[in-house]
Amino acid sequence: MNLLTDDSIWFTMLQEAIHVQLPRALRRMFSQMLLFCEIENPLALWEQFKYHLSEDYIRRLNDNDLAYNYALAYINRYLALQGKSNRDFQLLLPTEPVEHLIEDEYDYDQSEEQEIANRNIPLLNQEQRRILPIYF
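433 is the number that the working numbering gives the last residue of the sequence shown; the numbers go up by one with no jumps.
Simulated from the structure, these hints should not be mistaken for lab results.
Any given hint might turn out to be false.
[To be verified] Label pairs and their calculated CB-CB ranges: (1) A377 x R416: 36 to 44 angstroms; (2) A377 x E424: 39 to 47 angstroms; (3) A314 x E410: 23 to 31 angstroms; (4) Q425 x S305: 12 to 20 angstroms; (5) Y348 x I413: 27 to 35 angstroms; (6) L390 x A322: 36 to 44 angstroms.
For each residue, glycine too, the CB sits at the ideal point set by N, CA and C.
Generate coordinates for the entire structure from the input sequences, incorporating the hints supplied.
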């Protein structure tokens, strides 16, 4: 029994998520949807939300097409962990090598980031301090 006859539920889900999720989390969510949900038209979903899925790269690169390529590469890399690729979902493959930017997302100095957090935590107001444990 196919309860969902179109992709409207997935559009709604992403539409709600763009207001509360960062682009990287949206890309992971989109990738998981591809892997575990029955999406009829993944390309239409990508086209509808590619800006939001790529927004961090757009800010960083100032080039929408290149940013979309990076987002596609990120999604393709995530799918590869499950033995799939963009092609399995009728999505474009990245058009140029972008592994170096994706690797940059994981290349940061943890002790430096901890120092920044330690300097800024005392500056938080009472409400911010109350919710801080949710994120750590």
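Hints and how they fare:
1. Evaluation of the 36 to 44 angstroms hint for A377 and R416 yields a pass: the beta carbon distance comes to about 38 angstroms.
2. The hint said 39 to 47 angstroms for the Cβ distance between A377 and E424, and at roughly 41 angstroms that hint holds.
3. Checking the proposed 23 to 31 angstroms range against A314 and E410 shows it holds: the Cβ atoms sit about 25 angstroms from each other.
4. A hinted range of 12 to 20 angstroms is violated for the C-beta pair Q425 and S305, which are about 37 angstroms apart.
5. Taking 27 to 35 angstroms as the suggested C-beta distance range, the pair Y348 and I413 conforms, at roughly 29 angstroms.
6. Checked against the hint of 36 to 44 angstroms, the pair L390 and A322 fails, with Cβ atoms roughly 23 angstroms apart.
Hint compliance for this structure: hints 4 and 6 are not met, and every other hint is.
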